[in-house]
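Chains A and B, in that order, are what the protein sequence lines are. Numbering of the first sequence is given in this note's numbering, commencing with residue 1 and proceeding in unit increments. Numbering of the second sequence is given in this note's numbering, commencing with residue 498 and proceeding in unit increments.
Any given hint could be a false lead.
Label-pair ranges, simulated between beta-carbon atoms [claimed, not checked]:
no., chain 1, residue 1, chain 2, residue 2, range
1, B, M778, A, R207, 56 to 64 Å
2, B, W824, A, R137, 53 to 61 Å
3, B, S792, A, E318, 41 to 49 Å
4, B, I688, A, E446, 30 to 38 Å
Among the chain A residues that face chain B by a calculated CB cut under 8 Å, a handful are [unchecked claim]:
no., residue
5, V134
6, A138
7, D342
8, F345
9, G347
10, F352
11, I356
12, D357
13, T363
14, L367
Away from chain B, derived, C-beta distances all over 12 Å, residues of chain A [unchecked claim]:
no., residue
15, S144
16, E175
17, I189
18, V290
19, K307
20, K341
21, N441
22, Q491
The hints are simulated quantities; they were obtained by calculation from the structure and are not laboratory data. All of these numbers come straight from a predicted model, not from anything done at the bench. The C-beta atom is built at its ideal place from N, Cα and C for all residues, glycine as well.
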Amino acid sequence: MEKEYILEMKHISKVFPGVKALDDVKLQVRPGTVHSLMGENGAGKSTLMKCLFGIYSIDEGEIILDGRKVLFSSPAEALENYVSMVHQELNQVPEQNVMENLWLGRYPMKGGLIDNKKMYEDTMKIFRDLDIDVDPRAKVGSLSVSQKQMIEIGKAVSYNAKIIVMDEPTSSLTEKEVEHLFRIIHKLIEKKSSVIYISHKMEEILRISDDVTVMRDGKWISTRPASELTIDEIIKMMVGREMTERYPQKETKPGEVLMEVRDLSSASKDFSGVNFELHKGEILGVAGLVGSKRTELLETIFGLRAKGSGQILVEGKEIHNKSPREAMKNGFAMLTEERRKDGIFAGLSVSFNMAIDNLDCYTRHGLLNDKLMKADVDKMIQEFKIKTPSGSQKIGNLSGGNQQKVILGRWLLTRPTILLLDEPTRGIDVGAKYEIYQLINQLVAEGKGIIIVSSEMPELLGICDRILVMSNGHQTGIFDAKDVTQEQIMQASAKCV
Amino acid sequence: MRLKMEENKVDKVLNRFKKISLKTLMVDKAIYVVLFALLVVIVVIQPKFLSFGNFKNIFAQSATRIIIALAAGMILVIQGVDLSTGRMIGLAAVVSASLMQQVDYAYRMYPNLVDLPIIVPILVVMLLCGILGVISGIVVSIFKVPPFIATLGMSLILYGMSSIYFDRPPYGAQPIGGIKRSVTSIATGSIGIGSFQIPYLILIALAVCVIMWVIWNKTKFGKYMFAVGGNPEAAKVSGVNVVSTQIKIYALAAVLYALAAVLEVARIGSASNTTGNGYEMDAVAACVVGGVSLSGGTGSVGGIVIGVLIFTVINYGLAFIGVNMYWQYVVKGLIIMLAVIIDMRKNIKRK
Chain A
1 MEKEYILEMK HISKVFPGVK ALDDVKLQVR PGTVHSLMGE NGAGKSTLMK
51 CLFGIYSIDE GEIILDGRKV LFSSPAEALE NYVSMVHQEL NQVPEQNVME
101 NLWLGRYPMK GGLIDNKKMY EDTMKIFRDL DIDVDPRAKV GSLSVSQKQM
151 IEIGKAVSYN AKIIVMDEPT SSLTEKEVEH LFRIIHKLIE KKSSVIYISH
201 KMEEILRISD DVTVMRDGKW ISTRPASELT IDEIIKMMVG REMTERYPQK
251 ETKPGEVLME VRDLSSASKD FSGVNFELHK GEILGVAGLV GSKRTELLET
301 IFGLRAKGSG QILVEGKEIH NKSPREAMKN GFAMLTEERR KDGIFAGLSV
351 SFNMAIDNLD CYTRHGLLND KLMKADVDKM IQEFKIKTPS GSQKIGNLSG
401 GNQQKVILGR WLLTRPTILL LDEPTRGIDV GAKYEIYQLI NQLVAEGKGI
451 IIVSSEMPEL LGICDRILVM SNGHQTGIFD AKDVTQEQIM QASAKCV
Chain B
498 MRLKMEENKV DKVLNRFKKI SLKTLMVDKA IYVVLFALLV VIVVIQPKFL
548 SFGNFKNIFA QSATRIIIAL AAGMILVIQG VDLSTGRMIG LAAVVSASLM
598 QQVDYAYRMY PNLVDLPIIV PILVVMLLCG ILGVISGIVV SIFKVPPFIA
648 TLGMSLILYG MSSIYFDRPP YGAQPIGGIK RSVTSIATGS IGIGSFQIPY
698 LILIALAVCV IMWVIWNKTK FGKYMFAVGG NPEAAKVSGV NVVSTQIKIY
748 ALAAVLYALA AVLEVARIGS ASNTTGNGYE MDAVAACVVG GVSLSGGTGS
798 VGGIVIGVLI FTVINYGLAF IGVNMYWQYV VKGLIIMLAV IIDMRKNIKR
848 K
């Protein structure tokens with residue numbers, strides 16, 4: 001007899017020092033389905049999955065897998081019991097090749113030596129089944145993020161996983177790669193595996209899922225078939241309040257020209273021939289596929305990369321940003337794409353993270369004045385509604401959205417006139433996103449100019465005045481956000497690929 | 498609703514109390530618990546250990562090591578490590594000693610040298626080490642050589658240089674002795690406030706601690722040091738000049754080594770090419786026990802001072818109760834491991 005649920009997690013509770021991370025949560029996954037787990041950052045999704053996977057222990061509750069009560073004490077044990085997880089941050093050995101990574105810890109042996117031939121064949125078989133086109137002998141370090149992810153999925157399949165957890169698998173994939181991922185997920189479903197899918201992308205969730213479970217503040221809110229749900233309903237459940245608009249209304253109109261970029265290229269020739277004007281009070285979006293060199297454009301403007309040819313004029317005067325320091329002097333600020341990698345100082349306090357760019361303002365007679373610093377930091381925490389017990393909290397303990405607000409606060413303390421924001425809302429939940437949009441609107445209302453790079457097209461269409469499209473290092477159009485469609489932007493993005 | 502919020506608040510407060518329960522306290526501070534236990538054992542065996550004079554000795558013995566550990570600690574904070582600490586102290590020691598010999602000493606290295614005021618050799622070796630520190634810093638920051646290798650190379654160069662410097666005719670490789678009384682009295686002398694005597698060494702170390710504390714906590718340079726150590730990529734984006742910060746740290750550390758070297762010459766009364774050998778390991782050990790993370794970005798002046806004191810207490814205390822010197826090494830090694838084990842546990846215990 002087929003059981004109704006392949007996995008049941010019942011009455012799960014988990015307490016961390018000072019916070020109840022999970023409070024009587026349940027999750028019921030049917031065999032051969034995609035079950036999406038949704039909630040704002042900090043809602044407890046990842047914690048729940050880590051409890052399932054044996055990374056965290058649970059304080060209360062039980063886990064029933066395939067009719068059997070289980071409790072894994074380590075990921076290895078979970079894997080042996082056919083539960084597998086594709087992590088948000090991929091844990092792979094970059095210097096080893098694909099198959100070595102896939103069979104790590106359980107290489108096929110022959111006469112005391114590793115049987116490379118069998119390993120290759122086994123890998124190929126899995127890849128063929130899943131329609132993955134990666135050479136098992138390629139070094140993992142040379143692969144793209146999406147390929148690495150597919151290897152992880154292949155690995156899960158190699159363990160004959162009945163449950164595969166995917167934690168934000170599409171956060172850095174292009175649309176094409178997402179389609180491929182979805183095809184692979186369908187194949188997994190055909191093989192009667194179940195997928196637990198964690199993502200912030202609503203459209204995707206509704207497309208791929210059979211069931212959706214929503215969590216909020218460590219509690220179970222609802223589980224319903226995806227076919228009955230709409231995006232607005234999910235958001236409402238996630239944030240616990242009605243959210244009539246996903247993007248706040250921008251009140252102000254762009255003013256005079258603030259910055260002019262003429263025929264800009266990078267020294268490394270990553271991109272060339274970029275021309276645009278940025279007006280006071282304008283939000284200019286930059287759209288493009290992964291690899292379109294949007295980040296490189298921002299980094300060149302900010303002086304993190306050497307400029308090749310071309311000019312940058314601010315209020316009619318040519319400027320040369322040879323280093324971030326000079327860019328800051330010229331009134332620029334830049335929020336980088338990978339918050340963890342080059343944004344936050346994870347081990348240091350919120351106030352350190354916020355004040356670090358602006359120390360000159362707090363220095364009196366060569367010494368830092370803590371009072372001035374604290375006043376600014378506290379003001380920002382309050383203004384931005386940053387959820388932190390105090391400025392002395394380690395920033396690493398904050399949720400992604402709050403970390404992003406801290407870094408935005410860091411840059412605003414330097415009183416910039418031009419903000420370059422690279423994927424400012426990546427990996428941030430709906431509520432925090434909305435707050436960041438509001439902040440952005442507030443800033444342009446003060447006459448600042450903002451350039452936003454984003455891979456989420458609805459976001460660009462929702463908040464920008466104009467959208468510049470890059471394709472493989474070339475500028476392929478600037479559109480008025482009011483008149484342009486997603487299709488037109490896609491076309492321009494693919495023009496030079 | 499109100500009530501619920503109040504309940505939440507109470508919960509939070511309760512949780513906070515739970516957080517600092519005795520158990521976590523024992524885990525977090527286990528190193529101090531162990532050391533306290535060790536101290537109790539020493540005192541039980543030899544109650545005289547608790548005398549005021551002993552503690553003064555311990556502080557005085559720690560003085561130079563504190564200066565060295567603070568210097569080496571800065572380099573650890575910026576994700577580096579300095580293997581040349583001891584050899585740089587050695588070079589500074591022979592150079593400063595050769596400029597601080599008594600005028601009537603028979604084996605003067607520079608027989609015709611006038612009697613220099615003590616500040617001159619100090620400034621000379623500070624400048625010399627400062628330049629060498631800049632070189633280490635450049636190799637690490639501009640040429641991107643891993644600090645382990647860069648400072649390993651530097652330590653060999655320095656050992657060679659100090660050996661060449663002092664192995665000179667007519668006397669050959671003799672320790673440079675005959676250090677002026679005015680110098681050696683730095684190590685032996687003290688300043689009296691009534692009947693209360695404070696050794697100069699303690700005052701000097703205290704002054705260095707205060708200056709370092711101010712630099713680490715109250716200056717832009719100090720904040721940049723932690724930024725570069727915490728996340729160099731983010732520091733760069735934030736307009737911090739990572740390269741110059743690194744070079745300055747290596748240079749500042751080297752200047753402190755020079756000061757420490759002069760104090761060592763004063764204490765020992767001579768210098769040779771083996772002076773300072775192995776000090777880097779003592780410094781790193783004290784830093785680690787004092788809570789400086791080897792992965793960079795964290796550390797405090799207070800922690801490092803405590804780290805040094807702990808080792809001196811162990812050294813002194815174990816010797817005081819007559820423990821075999823070789824066993825002392827075993828105990829020290831265990832304490833270093835224990836300190837790091839506890840540090841790692843702190844990071845993983847949340848799970």
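Hint-by-hint comparison with the structure:
Restraint check, M778/B to R207/A: a C-beta distance of roughly 60 Å satisfies the suggested window 56 to 64 Å. Between W824/B and R137/A the Cβ separation comes to about 54 Å, which falls inside the hinted range of 53 to 61 Å. Distance hint check: the CB atoms of S792/B and E318/A are about 43 Å apart, consistent with the given range 41 to 49 Å. Between I688/B and E446/A the Cβ separation comes to about 59 Å, which falls outside the hinted range of 30 to 38 Å.
Below 8 Å, beta-carbon pairs count as interface contacts, and V134/A has none with chain B, the closest being about 29 Å; its hint is therefore violated. The interface hint given for A138/A is violated, since its Cβ lies 27 Å from the closest Cβ of chain B, which is over the 8 Å cut-off. Taken as an interface hint, D342/A checks out: its beta carbon lies about 4 Å from the nearest beta carbon of chain B, inside 8 Å. Satisfaction of the interface hint for F345/A is found here, the shortest Cβ-Cβ separation to chain B being roughly 4 Å, below the 8 Å cut-off.
A least Cβ separation of about 5 Å between G347/A and chain B falls short of the 8 Å threshold, and the interface hint therefore holds. Checking F352/A against chain B: minimum C-beta separation of about 7 Å stays under 8 Å; hint holds. The interface hint given for I356/A holds, since its Cβ lies 5 Å from the closest Cβ of chain B, which is under the 8 Å cut-off. Because the closest C-beta pair between D357/A and chain B is about 5 Å apart, less than 8 Å, the hint holds.
Interface hint status for T363/A: upheld, as the beta-carbon distance to the closest one in chain B is roughly 6 Å, under 8 Å. Checking L367/A against chain B by beta carbon gives a least distance of about 5 Å; that is within 8 Å, so the hint holds. For S144/A, the shortest C-beta to C-beta distance to chain B comes to about 21 Å, beyond the 12 Å cut-off, and the non-interface label holds. For E175/A, the shortest C-beta to C-beta distance to chain B comes to about 28 Å, beyond the 12 Å cut-off, and the non-interface label holds.
With a cut of 12 Å on Cβ distances, I189/A stays outside the contact zone with chain B, its closest approach being about 32 Å. No beta-carbon of chain B is positioned within 12 Å of the beta-carbon of V290/A; the least distance is around 20 Å. Interface exclusion of K307/A from chain B stands, the closest Cβ pair being 17 Å apart, more than 12 Å. Not every CB of chain B lies more than 12 Å from the CB of K341/A, the least distance being 6 Å, so the non-interface label is violated.
Distance check for N441/A against chain B: the nearest CB is about 24 Å away, which clears 12 Å, and the non-interface claim stands. Against chain B, the non-interface label of Q491/A holds: every CB pair exceeds 12 Å, the least being about 33 Å.
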